[in-house]
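*Asks:* Sequence:
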Amino acid sequence: MAARLARGGLDVVAHDVAPAAIERAKSMLGTAETVLDALGIAPPAGGAGTVHFADDLATAVAGADLIIENVPENEQIKADIYRRIDPLISPDTIVASDTSGIPITKLQAHISHPARMVGMHWSNPPHIIPMIEVIAGEETAPQTVHIIRDLIRALGLLPVVVKKDVPGFVENRVLYALLREVVDLVENGVIEPEDIDTCVSWGIGYKLAVVGPMALLDMAGLDIYNSVSSFLNAELSDRKDVGPLVGAKIAAGTLGIKSGEGIYAYTPEQIAQLQRDRARKFVAIRRILEGSD
Numbered sequence: 004m005a006a007r008l009a010r011g012g013l014d015v016v017a018h019d020v021a022p023a024a025i026e027r028a029k030s031m032l033g034t035a036e037t038v039l040d041a042l043g044i045a046p047p048a049g050g051a052g053t054v055h056f057a058d059d060l061a062t063a064v065a066g067a068d069l070i071i072e073n074v075p076e077n078e079q080i081k082a083d084i085y086r087r088i089d090p091l092i093s094p095d096t097i098v099a100s101d102t103s104g105i106p107i108t109k110l111q112a113h114i115s116h117p118a119r120m121v122g123m124h125w126s127n128p129p130h131i132i133p134m135i136e137v138i139a140g141e142e143t144a145p146q147t148v149h150i151i152r153d154l155i156r157a158l159g160l161l162p163v164v165v166k167k168d169v170p171g172f173v174e175n176r177v178l179y180a181l182l183r184e185v186v187d188l189v190e191n192g193v194i195e196p197e198d199i200d201t202c203v204s205w206g207i208g209y210k211l212a213v214v215g216p217m218a219l220l221d222m223a224g225l226d227i228y229n230s231v232s233s234f235l236n237a238e239l240s241d242r243k244d245v246g247p248l249v250g251a252k253i254a255a256g257t258l259g260i261k262s263g264e265g266i267y268a269y270t271p272e273q274i275a276q277l278q279r280d281r282a283r284k285f286v287a288i289r290r291i292l293e294g295s296d
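In case it helps, this note's numbering puts the sequence shown at residues 4 to 296.
Hints are computed from structural coordinates only; laboratory data are not their basis. Just to be clear, a hint being listed does not mean it is correct.
Stated by the list, open to error - Label-pair distances were calculated between CB atoms; the ranges are: (1) S30 to V249: 13 to 21 Å; (2) R156 to S230: 36 to 44 Å; (3) P216 to N191: 23 to 31 Å; (4) Y228 to H55: 46 to 54 Å; (5) L277 to I25: 23 to 31 Å; (6) E141 to K29: 34 to 42 Å; (7) D280 to M222: 46 to 54 Å; (8) E190 to D280: 24 to 32 Å; (9) G206 to P128: 33 to 41 Å; (10) K109 to E238: 29 to 37 Å; (11) S115 to V213: 44 to 52 Å; (12) T257 to M217: 33 to 41 Å; (13) A41 to I274: 18 to 26 Å.
The C-beta atom is built at its ideal place from N, Cα and C for all residues, glycine as well.
Could you put together the complete structure from these sequences and hints?
*Replies:* In structure tokens form, the structure reads like this:
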């Protein structure tokens, strides 16, 4: 995120409570900038901005026009951050949360001047995927939404304004509906993980990368959708908890790439190769979708 904002001409100061995280971020900047070069994202006429790292929160937010909070998905942790920055910033400073799904209205309860708070949900990897959700809480001023929307456009990115502050917003509601169904299918022995990945990537995902879901309804025909959904909707997973497959993996400490094993097992070499391959493919797909060679 810092690399992409700086490439758009903004001066960025980043902070993390863990010194190791700051060092890791510093080491990743060059890689992010290389990807931005591959995407052909040039800085504005005035030149690229800068990225600096601050050892303390007060230094990080001093004089900021915009603060993007990106701490763990826990309302109390976020509330503590807002209480800490509140006396350090001006009433006009916009505070944007990159929360993946906590309603912005809930977060506004923990900050003075809630009119200046807005959701700014980036999609991962944020330096490659151009879509950003903009979400107003109940007390967010319309002008705050307009400022963030226009900033995203000025950066050459794609703002999506979410009209109602619902949990998960839009992207994650759609994604988690899909994830619930695929976990259910694997748990019930319908398909193996490798095959569901192939099915989604080369079937659903391949289509949706080119034709959005509402446009897909028109392409397939609303009569066809009506016929199939009339019996299929009743068969889809509607469980309200998380499937046991996920719970068992968490209990075993196998959390995914971060722990070297999750649904699949990974060696350090495989993880590094996956990251390189995925970045290269994301870049290639984006350039095609944008009509670039």
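*Asks:* Now tell me, hint by hint, if it's right for this structure.
*Replies:* Hints, verified against the model:
As the Cβ distance of S30 to V249 is approximately 31 Å, the hint placing it in 13 to 21 Å is violated. As the Cβ distance of R156 to S230 is approximately 40 Å, the hint placing it in 36 to 44 Å holds. At about 25 Å, the CB distance of P216 to N191 agrees with the hint of 23 to 31 Å. For the hinted restraint 46 to 54 Å between Y228 and H55, the CB-CB distance of approximately 51 Å keeps it satisfied.
The hinted window of 23 to 31 Å between L277 and I25 holds, with their beta carbons roughly 24 Å apart. Judged by the Cβ atoms, the range 34 to 42 Å given for E141 and K29 holds: they are separated by roughly 38 Å. Distance hint check for D280 and M222: the Cβ-Cβ separation is about 30 Å, which falls outside the suggested range of 46 to 54 Å. For the hinted restraint 24 to 32 Å between E190 and D280, the CB-CB distance of approximately 28 Å keeps it satisfied.
The hint said 33 to 41 Å for the Cβ distance between G206 and P128, and at roughly 23 Å that hint is violated. Taking the beta carbon of each, K109 and E238 are about 34 Å apart, inside 29 to 37 Å as hinted. The hinted range of 44 to 52 Å is satisfied by S115 and V213, whose Cβ atoms lie roughly 45 Å apart. For the hinted restraint 33 to 41 Å between T257 and M217, the CB-CB distance of approximately 37 Å keeps it satisfied.
Between A41 and I274 the beta carbons are some 21 Å apart, a value that agrees with the proposed interval 18 to 26 Å.
Of the numbered hints listed earlier, those contradicted by the structure are 1, 7 and 9.
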